[in-house]
Amino acid sequence: SQTIHQWPATLVQPVGSPLSLECTVEGTSNPNLYWYRQAAGRGLQLLFYSVGIGQISSEVPQNLSASRPQDRQFILSSKKLLLSDSGFYLCAWSMNGGNEKLFFGSGTQLSVL
Amino acid sequence: GQSLEQPSEVTAVEGAIVQMNCTYQTSGFYGLSWYQQHDGGAPTFLSYNALDGLEETGRFSSFLSRSDSYGYLLLQELQMKDSASYFCAVGSGGSYIPTFGRGTSLIVHP
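Listed in order, the protein sequences are those of chains E and C. In case it helps, the working numbering puts the first sequence at residues 1 to 113. In case it helps, the working numbering puts the second sequence at residues 1001 to 1110.
Treat the hints with caution; some may be incorrect.
[To be verified] With the C-beta cut set under 7 Å, the calculated list includes, among others, these residues of chain C facing chain E:
id	residue
1	Ala1016
2	Gly1031
3	Arg1102
4	Gly1103
Read the hints as simulated data drawn from the structure, not as lab findings. The model shown is predicted, which means the values in this text are computed figures rather than measured ones. By construction, the Cβ of each residue, glycine as well, lies at the ideal position given by its N, Cα and C atoms.
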């Protein structure tokens, strides 16, 4: 069966510090991968998605970046965090051609202080 | 681009039936999905409609009207554990990248 792992679960970082969140998927090949951010009490904002290794599409301009160094690994990074980067970050995957059904990781609660 | 509208909050009593609506504006519509998210948790997939009509899965049903750009999620025999946020998401464009609504917070009272 397929599983998705996302870590860490919580993170407190000072303004201006770097960020690296990692997500890995097991039990499937060539998945579509996503990073979403959710502000408190709000909907999910798509940040990045990837349909293959090294293929990253960005939805909104920001100081975040994403990379997909391996087929089932998706990394969200920042060189210098802003206060506005605080939020709940969710990684998700879907079958290639099956984007109507996303499977989400357990999320990372990021607080930038 | 895409936009979705959902009521922010719905309240109901245990054992009742509740309907949560979703209206959308998008080009190249593919389908409408629904997700459930409990506080502090990750969203989980509930249902998907690509064609007009009602899809039923146990206590959950989802409806779509493509001509009205409208759908709803129906929950029957409400239980306390159904208290959660419910998001609709539309897929559109060539690669169906899901766009989510802001969600409806369902509060179930005893």
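Results of checking the hints against the structure:
| no. | hint | in the structure |
| --- | --- | --- |
| 1 | Ala1016 | violated (24 Å) |
| 2 | Gly1031 | holds (5 Å) |
| 3 | Arg1102 | holds (4 Å) |
| 4 | Gly1103 | holds (5 Å) |
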